[in-house]
Amino acid sequence: MEKTMMMKRKPSLSFLHHCCFLLSLFSIFDTCRCSPSHNYADALTKSLLYFEAQRSGRLPYNQRVTWRDNSGLTDGLEQGVDLVGGYYDAGDHVKFGLPMAFTVTMLSWSIIEYGEYIAGAGELEHAMEAIKWGTDYFIKAHTSPNVLWAEVGDGYTDHYCWQRPEDMTTSRQAYKIDENNPGSDLAGETAAAMAAASIVFKKTNPHYSHLLLHHAQQLFEFGDKYRGKYDESIGVVKNYYTSVSGHEDELLWAAMWLYKATDNHQYLSYVIDNADSFGGVGWSITEFSWDVKFAGIQVLASQLLTEEKHKKYKDVLEKYQSKAEYYICSCLNKNNGTKHNVHFTPGGLLYVRQWNNMQYVSSGAFLVSVYSNLLQKLNQKTLKCHGGEVTPHELFQFTKSQVDYILGSNPLNMSYLVGFGPNFPKRVHHRGASIVSYRENKGFIGCTQGYDNWYGSTDPNPNIVVGALVGGPDHNDEFTDKRGNYMQTEACTYNTSPLVGIFAKLNYLENMVLHASY
Numbered sequence: 001m002e003k004t005m006m007m008k009r010k011p012s013l014s015f016l017h018h019c020c021f022l023l024s025l026f027s028i029f030d031t032c033r034c035s036p037s038h039n040y041a042d043a044l045t046k047s048l049l050y051f052e053a054q055r056s057g058r059l060p061y062n063q064r065v066t067w068r069d070n071s072g073l074t075d076g077l078e079q080g081v082d083l084v085g086g087y088y089d090a091g092d093h094v095k096f097g098l099p100m101a102f103t104v105t106m107l108s109w110s111i112i113e114y115g116e117y118i119a120g121a122g123e124l125e126h127a128m129e130a131i132k133w134g135t136d137y138f139i140k141a142h143t144s145p146n147v148l149w150a151e152v153g154d155g156y157t158d159h160y161c162w163q164r165p166e167d168m169t170t171s172r173q174a175y176k177i178d179e180n181n182p183g184s185d186l187a188g189e190t191a192a193a194m195a196a197a198s199i200v201f202k203k204t205n206p207h208y209s210h211l212l213l214h215h216a217q218q219l220f221e222f223g224d225k226y227r228g229k230y231d232e233s234i235g236v237v238k239n240y241y242t243s244v245s246g247h248e249d250e251l252l253w254a255a256m257w258l259y260k261a262t263d264n265h266q267y268l269s270y271v272i273d274n275a276d277s278f279g280g281v282g283w284s285i286t287e288f289s290w291d292v293k294f295a296g297i298q299v300l301a302s303q304l305l306t307e308e309k310h311k312k313y314k315d316v317l318e319k320y321q322s323k324a325e326y327y328i329c330s331c332l333n334k335n336n337g338t339k340h341n342v343h344f345t346p347g348g349l350l351y352v353r354q355w356n357n358m359q360y361v362s363s364g365a366f367l368v369s370v371y372s373n374l375l376q377k378l379n380q381k382t383l384k385c386h387g388g389e390v391t392p393h394e395l396f397q398f399t400k401s402q403v404d405y406i407l408g409s410n411p412l413n414m415s416y417l418v419g420f421g422p423n424f425p426k427r428v429h430h431r432g433a434s435i436v437s438y439r440e441n442k443g444f445i446g447c448t449q450g451y452d453n454w455y456g457s458t459d460p461n462p463n464i465v466v467g468a469l470v471g472g473p474d475h476n477d478e479f480t481d482k483r484g485n486y487m488q489t490e491a492c493t494y495n496t497s498p499l500v501g502i503f504a505k506l507n508y509l510e511n512m513v514l515h516a517s518y
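According to the numbering used here, the sequence shown is numbered sequentially starting from 1.
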């Protein structure tokens, strides 16, 4: 009997990498399912619907959230400027510029990092519409190179009323920053938003992209030349969106996004030259938010290490990276000492503070996901934290754990993304959602009438503000679904915006695992 010789061929490196990647995916989406699987595509779709619920101004023909109608149509009229449009930040009807701009920056960053996954899920157009609704407003609000309208309405009068946005009788006074009333933090964040958005629109709408970039460059120059905190110029914002971190982080943040948008080394030099004096390589931070941008800057700076052209800045960029890794390690509870780490609830949720904690969860999950990608690009097998080494795979597992908690894998089996799953908050602290839709009943509902008839009701909201991420549970994973419990039941645009890209990536990866299983 003739023996046949079988040649053993060594598997290629690319084949081995592919196998390792699939094994890591199987590990992340373990088929034994310690926690239930979630429909990430549905979560993505619903998260983008939320921004339509928050729209101010004249709603477009393709508006999908049909319980809303036109509102704020005279915004800016008293000041002789058109400030119609933009977003309401949360459950009230003030248009606060700083959190609105951060929302748009994070939506843009989601597309820049994960646009192919968002497109693959069929949601890219909706994501870009959400960005453009904000940037169209910023273009209006930036009426001259050194003038930016910062706010419409004020929290004091707004919070005395419980009305639908369509019925508003509260003050629509508008407030601005200018050469005599500076606000480098607001100018910087708005510049960052418009620069990041210009990247998003560069291929599909180059004229609009160029317009955004022009405004971004002017706003950065304005913020840098006339320095100061915007809440010192606009007193009415102090009790709502005080810029605790100052303005240096926003100026670095804006310069970084302008560099990414233009490839102009003038902006990179700004980030390098001001690294020490502005705290970019000095601050070790355990939160990333609408106020505190340092961790985001540090991650963006770390990304530059992947390109040879940045080699001459390596020393400073590695200092930024060291601080970025401090933040990432803090989220994993692997820094040295309790005060250097973010706390966790018993159920495994990041816990920074009592009021609207979910904003820190979504932004933290996003940065950890982005850093996981970066480690792979740098061919860095592990992140070395004081408490041990962490692989990119483990970083992404952390991101998935936070997202899964949000979507219902938690001690209460409660989805904190409104409208997702069978059990979610029904009494969201949201004026428009809690009162009968204007489209159903156009009868005027007055300021105190809303409080008398709707605010105190124990009934579920008549309108579901789908895709809103509420403030979430306390440090013991406990949550009280009451409209008056605004620390836990109010949602904000900047809570949801970092989740858009993560939902898309998780959906893509889970689909890959499903296809590989067959």
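Incorrect hints may have been included.
Stated by the list, open to error - Derived DEER-like restraints, expressed as beta-carbon distance ranges: (1) Asn62 / Cys447: 30 to 38 Å; (2) Gly337 / Asp315: 42 to 50 Å; (3) Pro60 / Gly235: 17 to 25 Å.
As the list claims (entries may be wrong) - 35 Å max Cα-Cα, derived DSBU-like pairs, lysine-lysine: (4) Lys482 / Lys238; (5) Lys384 / Lys260; (6) Lys381 / Lys334; (7) Lys260 / Lys132; (8) Lys314 / Lys339; (9) Lys384 / Lys140; (10) Lys319 / Lys384; (11) Lys311 / Lys334; (12) Lys238 / Lys426; (13) Lys334 / Lys202; (14) Lys442 / Lys334; (15) Lys426 / Lys381; (16) Lys203 / Lys482; (17) Lys384 / Lys311; (18) Lys319 / Lys309; (19) Lys442 / Lys314; (20) Lys339 / Lys202; (21) Lys202 / Lys319; (22) Lys426 / Lys311; (23) Lys312 / Lys238; (24) Lys238 / Lys203; (25) Lys377 / Lys312; (26) Lys381 / Lys229; (27) Lys334 / Lys225; (28) Lys339 / Lys381; (29) Lys381 / Lys238; (30) Lys442 / Lys482; (31) Lys426 / Lys309; (32) Lys334 / Lys309; (33) Lys312 / Lys203; (34) Lys238 / Lys311; (35) Lys312 / Lys225; (36) Lys384 / Lys334; (37) Lys381 / Lys442; (38) Lys225 / Lys132; (39) Lys225 / Lys203.
FYI, nobody ran anything at the bench for these hints, they're computed from the structure.
Every residue gets a Cβ at the ideal spot worked out from N, C-alpha and C, and that includes glycine.
These are the hints, each one checked on the structure:
no. : hint                        : in the structure
1   : Asn62 / Cys447: 30 to 38 Å  : holds (32 Å)
2   : Gly337 / Asp315: 42 to 50 Å : violated (27 Å)
3   : Pro60 / Gly235: 17 to 25 Å  : violated (35 Å)
4   : Lys482 / Lys238             : holds (26 Å)
5   : Lys384 / Lys260             : holds (28 Å)
6   : Lys381 / Lys334             : holds (17 Å)
7   : Lys260 / Lys132             : holds (19 Å)
8   : Lys314 / Lys339             : holds (30 Å)
9   : Lys384 / Lys140             : violated (46 Å)
10  : Lys319 / Lys384             : holds (15 Å)
11  : Lys311 / Lys334             : holds (29 Å)
12  : Lys238 / Lys426             : holds (30 Å)
13  : Lys334 / Lys202             : violated (39 Å)
14  : Lys442 / Lys334             : violated (55 Å)
15  : Lys426 / Lys381             : violated (44 Å)
16  : Lys203 / Lys482             : violated (45 Å)
17  : Lys384 / Lys311             : holds (22 Å)
18  : Lys319 / Lys309             : holds (17 Å)
19  : Lys442 / Lys314             : violated (61 Å)
20  : Lys339 / Lys202             : violated (42 Å)
21  : Lys202 / Lys319             : holds (31 Å)
22  : Lys426 / Lys311             : violated (53 Å)
23  : Lys312 / Lys238             : violated (42 Å)
24  : Lys238 / Lys203             : violated (39 Å)
25  : Lys377 / Lys312             : holds (19 Å)
26  : Lys381 / Lys229             : violated (41 Å)
27  : Lys334 / Lys225             : violated (40 Å)
28  : Lys339 / Lys381             : holds (27 Å)
29  : Lys381 / Lys238             : violated (45 Å)
30  : Lys442 / Lys482             : holds (26 Å)
31  : Lys426 / Lys309             : violated (52 Å)
32  : Lys334 / Lys309             : holds (33 Å)
33  : Lys312 / Lys203             : holds (30 Å)
34  : Lys238 / Lys311             : violated (42 Å)
35  : Lys312 / Lys225             : holds (28 Å)
36  : Lys384 / Lys334             : holds (9 Å)
37  : Lys381 / Lys442             : violated (60 Å)
38  : Lys225 / Lys132             : holds (28 Å)
39  : Lys225 / Lys203             : holds (32 Å)
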